[in-house]
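Go ahead and model the full structure; you've got the sequences and the hints to work with.
Numbered per our numbering, the sequence shown spans residues 50 to 233.
Hints are computed from structural coordinates only; laboratory data are not their basis.
Computed Cβ-Cβ distance ranges for the label pairs, DEER-style: (1) Leu65 x Ser195: 41 to 47 Å; (2) Leu186 x Asn151: 35 to 41 Å; (3) Gly60 x Leu185: 37 to 43 Å; (4) Pro194 x Asn151: 52 to 58 Å; (5) Pro194 x Ser54: 53 to 59 Å; (6) Asp143 x Gly95: 31 to 37 Å; (7) Trp57 x Ala142: 15 to 21 Å; (8) Thr187 x Arg105: 38 to 44 Å.
Just so it is clear, CB atoms sit at the ideal spot from N, CA and C, and this is done for glycine as well.
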Amino acid sequence: MQTQSKLWAYGISGDLPLAVVWVRDSQGLSLVRELLVAHTYWRLRGFKADLVILNREPASYEQPLHQELLRLVEAHSLHTGVQQSGGAFLLKADQISEENLNLILTVAQATMGAVRGTLAKQLSSPPEGIVLPPPLLTQRGEEQPSEPLPFLELPYFNGVGDLRRTGASMRSTWARMFPRRCPG
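Here is the structure:
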């Protein structure tokens, strides 16, 4: 059984919401850029989340995609940080066990893939093959008037307090508002 502690090896606490984006080639850079901008926006608005960028570029001596992703993350991480809670995490998918990769994708609240198009396209429609449940129908009950409030039944209600016929309440109100300046 996989637990949250397995995420710690990658610096991910698992305490914050998690968004994952995976890219295989340079065509996914625009999606990563959009998500980094969104991640910065969330952070500036007080919403902390971890953003995991999974680099699925095949292993090779030169890694142009990884270098470009590194530049993007560094350029957009001023307010969010890198490899820290609430920040961006750049991980190479080929260096993560399949078990842990599945855990990361399972606990993510949002998973984006460059092959599915732009961020706007992915947010506007569900992935293919997923059927959404029908919209929830709500029924409003008939409104019932409440009982009259007791303070409205006062003979001389002024919206603030009650002015009784005797004026005693009025005198004590003025006495509290303007206490004597001199003792005695």
